[in-house]
Amino acid sequence: MTDWTVRGITRALLPVLLVLTALELVSGLALESFEATLLAYPSLLVLVPAVIGTAGNLGSVLSARLATAFHLGLLAFDPGDERLVGNAATTVLLALTVFPVVGVGAWAVTWATGRARLSPWTVLAVAVTSGLALAVLAVVVTVVAAYGAYRLELDPDDVVIPTVTNVCDVLGVVVLLVVSQLLV
Amino acid sequence: MSVADVVGEAYPSALPTLLVSAVGGLLAGTVLGGMEADLAAVDGLLVLVPAFLAIRGSVYGSLGSRLSSALHQGLVSPTFEPDRRVGAAALAAMLNGVGATVFATVLVVFVLPALGRPVAPLGTFLVVAVVGGLLAGLALTAVVLVVVFVGFRHGLNPDDIVGPAVTTAGDVFGMVALLAATRLALAVT
Chain U
1 MTDWTVRGIT RALLPVLLVL TALELVSGLA LESFEATLLA YPSLLVLVPA
51 VIGTAGNLGS VLSARLATAF HLGLLAFDPG DERLVGNAAT TVLLALTVFP
101 VVGVGAWAVT WATGRARLSP WTVLAVAVTS GLALAVLAVV VTVVAAYGAY
151 RLELDPDDVV IPTVTNVCDV LGVVVLLVVS QLLV
Chain D
1 MSVADVVGEA YPSALPTLLV SAVGGLLAGT VLGGMEADLA AVDGLLVLVP
51 AFLAIRGSVY GSLGSRLSSA LHQGLVSPTF EPDRRVGAAA LAAMLNGVGA
101 TVFATVLVVF VLPALGRPVA PLGTFLVVAV VGGLLAGLAL TAVVLVVVFV
151 GFRHGLNPDD IVGPAVTTAG DVFGMVALLA ATRLALAVT
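Keeping their order, the protein sequence lines are chains U and D. Mapping of the first sequence onto my numbering: position 139 corresponds to residue 139, and the numbering continues sequentially without gaps. Mapping of the second sequence onto my numbering: position 168 corresponds to residue 168, and the numbering continues sequentially without gaps.
Hints in this document: simulated from the structure, not taken from any laboratory. Heads up, some of the hints might be wrong.
[To be verified] Short derived list, chain U residues pointing at chain D, Cβ under 8 angstroms: (1) I9; (2) L25; (3) T37; (4) N57; (5) H71; (6) L72; (7) L75; (8) D78; (9) L96; (10) P100; (11) R151; (12) L152; (13) L154; (14) L177; (15) V178; (16) L182.
Think of the CB as a built atom: it goes at the ideal place given N, C-alpha and C, for glycine as much as any other residue.
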């Protein structure tokens, strides 16, 4: 284990942190290219942190569960594996539960401050469509990352969870922007 | 184990955490939604937002899991008294958090002009990174210590609670710190 000094902790933490920071700037650049629309419709701006966070959480929950199942020898990378299919289905169900709450919440916040310019149905549709697309992407990214870690004999806890969480963060922004462009 | 069994076990165990952190995300979104004028005043600030929030999550999530493992191993005791190990871990989190944020702002200031987009001066961004990193870091150090130590003393496994607590608090305190630091940067530069 790492020693408990500032130097030891930094040596373990900083390299990964800087790579992930650079990756997060990609989603920042995507956001910025969409700044005019986000400023025109504050409900979409309110959605941004909630969608990013929820997408990252869906990925991290799924990857933590797959990593544990894998360590226990309970997982097969086979489309018929019950644990794989069950966890994938759970991710979609969780998205279908949480994203409607996020959509209605984002509209309600802007409505309460008197700046709602989109109908609640539009914001709800943007949140739910993004959520569904993100759930499917989270499953694909997690399974690919977990399989890659397995083939490269890396510990899935070290590699898969931070990778999936951050890739889902980036995808969260990209999907939200694409869906907004289609529906708003 | 059938597919329905897996769903029946996984769904209820993950849902509360996801809902709580979605509420945290909405609170952070409310702060961001109120920053229209600041985003318009500091070109490139929006580029920094996802990285700023993610750095807080990574650094303080790591601090939480480190303290939680150390409690399980008996390396630190769950009391709010000065401790060399806890102090070093908290200082390392602060330095890495501020350092990574400065790295992010320097990248923003160099990358945006290369893409032909406007960007605010480096000085403004450095004030945002250092002040925002310090403010969010102080708040999140307090949150992590309280959640891990108090949870442990009440017989909870800190591993189960520190992750969601950091995600939620990181979004909310991260956004508030970014807002405060941006207002300060606009006032002094």
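Evaluation of the provided hints:
no.	hint	verdict
1	I9	4 angstroms, holds
2	L25	5 angstroms, holds
3	T37	12 angstroms, violated
4	N57	5 angstroms, holds
5	H71	15 angstroms, violated
6	L72	12 angstroms, violated
7	L75	11 angstroms, violated
8	D78	13 angstroms, violated
9	L96	11 angstroms, violated
10	P100	10 angstroms, violated
11	R151	24 angstroms, violated
12	L152	22 angstroms, violated
13	L154	18 angstroms, violated
14	L177	12 angstroms, violated
15	V178	16 angstroms, violated
16	L182	21 angstroms, violated
The structure fails hints 3, 5, 6, 7, 8, 9, 10, 11, 12, 13, 14, 15, 16 (numbered hints given earlier, in ascending order).
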